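Novice: Chain residues, written in single-letter form:
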Amino acid sequence: MPPAHAVPLNWYLILSAILFCLGIAGFLYRRNIITVFMSIELMLNAVNLTFITFSYKWKAVDGHIFSFFVMVVAAAEAAVGLAIILTVFKNRKSLEIDEISSMKY
Amino acid sequence: MDTVLFLVFALIALLCGINLVVQTHPISSALSLIGVMAALAVLYLLLGAEFLAAAQMIVYAGAIMVLFIFVIMLLNAGAERVTKTRQLVKLAGVPLMAVFLGIIAFIIQALLPKSQLVWFGGFPGGGPRDIGIPLFTNYLLPFEVTSVLILIAILGAIVLARKEID
Amino acid sequence: MNLWLIPIFPLAGFLINGLVGRRLPKAVINAVAIGSVLLSFVWVLKTLLGAGSLEKPIVENYFTWIQSGPIQIGCSLAVDRLTAVMLLIVTGIGSLIHIYAIGYMEHEGGYYRFFSYMNLFMFFMLTLVLASNYLVMFVGWEGVGLCSYLLIGFYFTENFATTAGNKAFIVNRIGDFGFSLAMFLMFRQFGSLDFDKVFSGAANMPKETGYGILTTICLLLLLGACGKSAQIPLYVWLPDAMAGPTPVSALIHAATMVTAGVYMTVRSSALFLHAPIAMNWVAGIGLATAFFAATIGLTQFDIKKVFAYSTVSQLGYMFLGVGVGAFSAGIWHVMTHAFFKALLFLGAGAVIHGLHGEQDLRKMGGLFKHMRITAITLLCASFAISGFPYTSGFFSKDAILSATYEHSPWMYWVGVGTAGLTAFYVFRAWFMAFTGTYRGDKHAHESPLIMTGPLMVLAALSLVGGFINIPRWLEPMFPEAGGENPVLVWTSAGAGMLGIFLAWIFYVRAPELPGKFATALGGLYRLVLDKYRIDELYDAIIVKPLVGGSRIVLWRGMDAGVIDGAVNGVGTRARGMGAVLKLAQSGYIRSYAAWVVFGSVLLLLAVGLGGAR
Amino acid sequence: MDLTYIIVTLVKLAVLFGVLMTTLAYLQWIERKVIAHIQLRPGPYRVGPHGLLQPLADVIKLITKEGMIPSHVNKFVYLLAPFLAVTLALVNICVMPFGPEIKVPIPGHPVSTWLQMTDLRIGVIFVLAIGAVGVYGVALAGWSSNNKYSLIGGLRSSAQMISYELPMALAIACPLLLANTLSFRELVLAQGGYFFGFIPRWNLFQVFPLQIVAFIVFLIASFAETNRIPFDLPEAENELVAGFHTEYSSMSFASFFMAEYCNMLTAACVTTLLFLGGWQPLFPAPWSDYVAPVVFVLAGLVSLWAALNPARPKDRFTFPVVAAACFGLAALFLAGEFVFPIVNQIAMPLFWFGAKTFGLLFVWIWVRGTLPRFRYDQLMRFAWTFMFPLGMVVMLATAAVVAWFPR
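Protein chains in written order, with the working numbering: chain A, 1 to 105; chain B, 106 to 271; chain C, 272 to 884; chain D, 885 to 1291.
If you're looking for bench data, these hints aren't it; they were derived computationally from the structure. Note that the structure is predicted; figures quoted are calculated from it, not measured. All C-beta atoms, glycine included, are put in the ideal place defined by N, C-alpha and C. You may find that some hints are simply not true.
Where chain A lies over chain B, by a calculated footprint (3+ residues, C-beta under 8 Å) [to be verified]:
no., segment
1, 118-125
2, 141-155
3, 213-221
For lysine to aspartate or glutamate, the following EDC-like pairs were computed, each having C-alpha atoms within a straight-line distance of at most 20 Å [unchecked claim]:
no., chain 1, residue 1, chain 2, residue 2
4, A, LYS57, B, ASP107
5, C, LYS713, C, ASP351
6, C, LYS438, C, ASP810
7, C, LYS802, C, ASP573
8, D, LYS896, D, GLU950
9, D, LYS945, D, GLU985
10, C, LYS853, A, ASP98
11, A, LYS59, B, ASP107
12, A, LYS57, B, GLU249
13, C, LYS468, C, ASP351
14, D, LYS896, D, ASP886
15, A, LYS59, B, ASP235
All chains, please: the whole structure from these sequences, using the hints.
Specialist: Laid out in structure tokens, this is it:
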């Protein structure tokens, strides 16, 4: 029985949507690779929130497990990504994302 | 009570998120990201995902973000210099995201019943036991595969970050 | 009761011998090969003794093999009275022949290869027999085909062996094609391939007068059976299959595999009974094959060829029996035929072995004093096959013939004639080999005990094996055909004895007669001698057009023109487009990201708004 | 959420906070004393008898000092860091159970509550999480004070804490596997009872000797987590001039100090709860009640002896006071429940818990007084090539035992 002060489910989803868009914004407008990377993490977090909200909606634990996997994979991705960033910085002495544009035709 | 908690922490998450985007210094962005994560952890608790809240703190805030900060310190990354962004991005970005957000909001409003409510304790199934059992029965294969993935990631990171690369 | 163990033993043997056999000493190889087959024989006995009266089939379902939509096919084995008979024949004769093979293959190369193939064959044959739905059966069906191919081409350095193997394989493909079409039709009709479902479904359908679905299925099955059991028009591969080692001819091409067609037809009796026309087809093909092959058998000089054609003709008998509705008689003949034909081949093998590979009857003669056991055992077999009273062949053949008489008398008379011919050519071979004076040049010697032992066992079986009353055993499945009519019985037996007598006249009493006849008949004789030139016929009307057609149309036109053209064309177009599209790859990550966002917005518009409405 | 609940919670909070602060303050005094005696010095002696009032003096000094912020620092982070450190350190105490459920017979309105702020289903993970976040205090302090020594200190501490979290988590997993729960309360309850009536069923003594190894691994790891000697490289005075808190002064410095001691306290409490059976007494029921009085009586006798042959004249007055206090406590433990029934309910568990915790804290200080400092590469190699595999082995072995002999 929901108490009087319960929150509509949609708010959570809207919140995660906004966070996701903030992540996109960070990705599009920041120039520092690390910041861009962090924006990706932000998007992942937003998605996790959605997962968990829906697993609340369906009263099923699978959403939790998905977001658990998301976290784990995010950890792996962070390790590799930061290693790449380190290497890039070693070779180019720069973290500006637009200066690393040599991978093209 | 729930409403208050939700509003407070949602607000924190939002402000930190915005701060992440507007700050030019990576450390500030990192801190605000940590803020977002902490706030989200509380929201997870409200949604009954206590284990994930803890995991969020340990894995994201405690490990991943520490790595980020570590790297930022290591590279001693300063604030961004202002360079010209790509025209396309500059023009397309904001309207695109506005549309994106609008559509998502519309879909959520249209598809989901507004009657659906969330309150603390409404879903008790978020404890470690409730997650562990399906994780090691139904989701065993994904679990193992993920562990292999992590192993590979570790190796990759070590190989990439070796001195004698370059 | 662990039916799966029965086929598993030979499979294990195959794996051991096939994988590491090259390094194993012969003793171990023998132990593994024989041991595995004997084990499964023992397990069969244990199973059957433990099974009680198999009124109802005992089905064991192991796992769901194919599960897709409505298709639900389990990997399941079953044993009932029919299967029991086949199991005993396969494992029993199989063990004997394996033992015999030790002696026969002693000096051959590729020893381990031979035995691993044999074990593999046993595995597939048992799978075929034990299967409880058509797909599993088809697995065994294909498997035995493969093994027969491998074993016919055992001496793969010889050209004729490889060609014979290919021939067998290709001809069998034609039959399998029929079989698989039949399965598709069955699935479409009954929605399942399990025997019980299919048969109950068929039982609920009315007898078909015209060419309905059931008849079509049955005719396609018959095509498959013809391929496997060497019936007209697909019999041509079996005589050439004698290129393989003799134990193979005995096991695969006489006793077991070639009877798979008969077994399958009997197994599908529920279908055939509702398709009288198909039954008539079966009977007709069987009769024609029986007679036709017998006539060819008259003129062959290669001892194995003679027996090969007699195999074809005996198979014809079985089909005749099945066709006229005497299923149990057919199976009975399968069993007795397994006894005496295996014996004939093994005996022939012993003779060939004793003559260091000589197969031509004209180079034999007077071998009786050199190899007594072989001669006597072969004599028993010959009596059995020619239906001499109270030998095994007598009972089964007469069961078939009397059933045929009730079906239609003229068929009966043709059958009787064929019986006479059979007796004639078999004894012709025996007399040419063992009586008179030795015409060959090689030194002849008797085979070792390990070879003669199985011969003696089989001899005993082919003499008294007829008293195993298969029709009564199969009573619950197939109502027995009408009572024995002594007149008919003795007529056919008499025909047999007449044949024996003529053979004695021609080849012992007056050896010059055959030549006279040959010259007298002239063209006809030469035609028969060349097996009616069927192979040449097929070559002219089927093979050549096919090859030529495919060379011109498929290769030049289709392959080179259309397909290659398409592929290359796609390649060039792609390169052209790439030249344009590559401009979008600016290397600026954030513009990529912008594009991604753009795309996802479009997707959301499409999906989300669509879903929201 | 009725009124009693709120009141009880507030009361507990107040008491806990008071006790905690005092403990932290006096922990430092104890440390200085112990180190001093290890080094054959009297230690703080001037303020109050045997320097008992020294902590108070320090607090006053630190508060009244001028907090100065260097000009070249990132102010926000610089101020955030110590706050973060101390807050996170204090939060942990909330989930520690100090005793069993007690019933307060308030006339007409009996209340029953646990000697614990709150019990989480995931208490242990919670502590781990907070510990994981705790890195930030040090790391950010090191980075924000914009000083190469501090930066190195911060880097070191973050790397070190991440590295030692793994063996720590692995060691923690063992008792969890045995007790099959993540809540401290159930953990302690699972450790009640005795093997053959006299060996306590603490995790330390379970599946001998696996848990002892796990205990040692955990202890070492928590030394590293609390940045204490021999793992105190982040604040190594003689190489990094006090590392991450070089630039800090007055209250912000004090809060780092407090955070460090609070972390020690937390680590000791967690060790007690995980391995030493929380408030479960060391002896079976009747004997355990007499331990506390005996201890205090002995303490009283010792201080009486000290009063009878004093080192300095004023000892004649101070030590009898101490002795009297000890005897009073002993009397309380012996006869308290006749006077006021709740006493034993509360006092006994607290006595045992406190005894174990302070024993462990003594080990901490003792080690500091004894061992030299690691070199950084040694530290890392030790973590990854010795501690981690050892912890892994222990955990797997425990898991195997639990799987094969389910209790």
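Novice: Any hints this thing doesn't respect? Which numbers, in order?
Specialist: 5, 8, 9, 12
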